[in-house]
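One-letter residues, chain by chain:
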Amino acid sequence: MSSTGMVDERIKKTSRLRTAFIRPELGAIVGVVAVFLFFAIFAGDSGMFNPQGVLNWSTVSAQFVIIAVGACMLMIAGEFDLSVGSMIGFAGMSIAIMSVTMAWPVWLAILLTFAICMSIGALTGTIVVRTGLPSFIVSLAFLFILRGFTIFFPQVIERRTIIGGISERAEGDWLAPLFGGKVGEGFFRWLAEMDIIATYSRGARAGEPMVSGIPMLIVWALVLVIVAHIVLTRTRFGNWIFASGGDAQAARYVGVPVNRVKIQMFMFTAFCATVFATCQVIEFGSAGADRGLLKEFEAIIAVVIGGALLTGGFGSVIGAALGAIIFGVVQQGLFFAGVESSLFRVFLGVILLFAVILNTYIRRIITGER
Amino acid sequence: MSDTVHAPIVEMKDIEKHFGPVIALNGVSFDVRPGECHCLLGDNGAGKSTFIKTMSGVHKPTRGTILFEGKEMRFDSPRDAMIAGIATVYQDLAMIPLMSVTRNFWMGREPVRRVGPFRFMDFRKANDVTMEEMRKMGINLRSPDQAVGTLSGGERQTVAIARAVYFGAKVLILDEPTSALGVRQTANVLSTIDKVRKGGIAVVFITHNVRHALAVGDRFTVLNRGKTLGTAKRGQITPEELQDLMAGGQEMVALESSLGGTV
Ligand SMILES: Nc1ncnc2c1ncn2[C@@H]1O[C@H](COP(=O)(O)OP(=O)(O)OP(=O)(O)O)[C@@H](O)[C@H]1O
Ligand SMILES: [Mg+2]
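Respectively, the protein sequence lines represent chains A and B. Each residue of the first sequence is one higher than the one before, counting from 0 in numbering that gives the first Met the number 0. Each residue of the second sequence is one higher than the one before, counting from 0 in numbering that gives the first Met the number 0.
These aren't lab readings, by the way, just hints derived from the structure by calculation. Predicted model, so just to flag it, every value in this text is computed and none were measured. Where a beta carbon is used, it is the ideal one built from N, C-alpha and C, also for glycine. It is possible that part of the hints are untrue.
[What the hints assert, rightly or not] Which bits of chain B does chain A cover? Going by a derived footprint, with three or more residues having C-beta under 8 Å, they are:
id : stretch
1  : 72 to 81
2  : 95 to 108
3  : 114 to 121
4  : 137 to 151
[Claimed, not checked] The list that follows gives simulated cross-link-like pairs (lysine to any residue, SDA-like), each with its CA atoms no further than 20 Å apart:
id : chain 1 : residue 1 : chain 2 : residue 2
5  : B       : K59       : A       : N258
6  : B       : K124      : A       : T234
7  : B       : K124      : A       : I229
8  : B       : K124      : A       : R235
Using the sequences plus the hints, can you model the full thing?
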């Protein structure tokens, strides 16, 4: 009766292939392949896949990736943050007011904004864990509070809701290039000299490569994905994140500091939102009170497409990043394909539905949910 | 026998616990010594789980004192109790179905491995120990990566027991650990309790099964409606007396006769 050998007679042999496919990201992987196939067929010759085209949708995707990583970690820890979009607007406005209106150095404005926004994240988290209210409600309150301030302050101080002139202020600043700069410019110049990539033929920048470097935005996105993925899957803290979202009570019983973990994830989400805002403000040279509208939903949708469970305890940062890439590619791809952009929503809705159905199926196989 | 040798490792004095208007514990005193198995018995709702939760740092007592190794102790969280060497199998197991067996086993106490300035979870060690401890309990896992949600109820309970046994350095608390187990696994758990106790660890064992209690218990404390009905040593009490105490007294006699003495 006791088969103490290593071979278990109650397990069917499963192929390597099947094992490799049964992973939380499967829905997102299928989605990415489908999206690229679709645009390779319908927009293959539109310039979407030349260097400028790739840079275009990569940059947009990277924006989605940055906020999706934060939302993903928080969702796995069992919470939501609906104030991400408002936080983006708020952070941008904070940098603009401090650096332009108050004429403080840009680096100081950036650092102070990070401190303020992460404190707000900590406050949201503390209210959630102390009161036991759903984070959905608490962060919804912050959605209104932050957006309100974002409109109120520039109105009162400058009598307008868009503040420009940040580019001039950021010149020569040591910190601003970390968000608005580019990397690999030498490499792209070399590529242009070798005639591998296109150059401008007219105007002030004639002879310069059309793609002059990789924006820091993309670097931030890559670094955040890699770091978050490693922390989540390979460290003790990562195990605590899964545990806090999987069953907070059970996690507490075995000594996981659940409240601290959740608060730190709210702060990380705020950090990601502020990175997004800072990159945007430095790049555009201005801050507007309506920036970041609806971003929280886009982040959450990307995370869910990526295989995370809405109620927490299960998910993947890589999946969330792929979900964000689907977003970016579809949004820009429809533009390249010359399709009415309202179809963006239709397309997204369809992908969301299919990815989530596939994800639910996969998750049941992995976790034995009944 | 050994109680003259060892002083109690945990001593709970006049513990009261109120949940709002509910008085779950109304002055319970209890102690457990290294190398003994102290059984905590009583009817449903008597307050057994609440009592051991104050011992393991989940609840703070409303009134009363806890002495650990002779010194007064305040456990602010289960983590403090764990660090002191107290491990618990909770009645509802504290297992997370979505996570793998290994991640559950080590939850809160993950082994780490240094790589330069970074500290990563040591999955190789974690997986090996998990598989080995489960094998000792008589369960062959398919894979340590398997989610706890895919295990049977008894297998889940065994993971929780194996985890507590592995981490219970000084005190091991088991709240109805055999309620879902098969015959072989139950025997395994009882013999594990015996082995652990002989190794000098203090065991607190909650059960509704008189035979299991008598098989491993050195002392028996019966709780009834938040109070102790008293503590008896092994040999001082017959199984029938114990059963009557556990059921809260007289009604049981009547019930038993109507069931033809099968209970
Ligand atoms: N968190 C709580 N809030 C309010 N009342 C509680 C709480 N926990 C326990 N109680 C009450 O305290 C009493 C004792 O509960 P407890 O779980 O300790 O019983 P038990 O002896 O473990 O019972 P069982 O054998 O069924 O496990 C019950 O009446 C229960 O309703
Ligand atoms: Mg109980």
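Proximity test - 8 Å, beta-carbon atoms, the stretch 137 to 151 of chain B to chain A, at least three hits:
holds (count 7)
Residues of the stretch 72 to 81 of chain B with Cβ under 8 Å from chain A, three needed, outcome
Since three or more residues must qualify, the claim that chain A covers the stretch 72 to 81 of chain B holds, with 4 doing so at under 8 Å.
Can you confirm whether the C-alpha distance between B/K59 and A/N258 stays at or below 20 Å?
18 Å, holds
Sort out whether A/I229 lies within 20 Å of B/K124, counting only the CA atoms.
Holds, at about 18 Å.
Can you confirm whether the C-alpha distance between B/K124 and A/R235 stays at or below 20 Å?
It holds: about 14 Å lies between the C-alpha atoms, which stays within 20 Å.
Between the stretch 114 to 121 of chain B and chain A, are there enough contacts, at least three residues with CB-CB distance under 8 Å, for the coverage claim to hold?
holds (count 3)
Does the stretch 95 to 108 of chain B contain three or more residues whose Cβ lies closer than 8 Å to a Cβ of chain A?
n = 9 at 8 Å, threshold three: holds.
Hint consistency between B/K124 and A/T234 [alpha-carbon to alpha-carbon, up to 20 Å]:
14 Å, holds
Going through the hint list in order, the structure satisfies each hint without exception.
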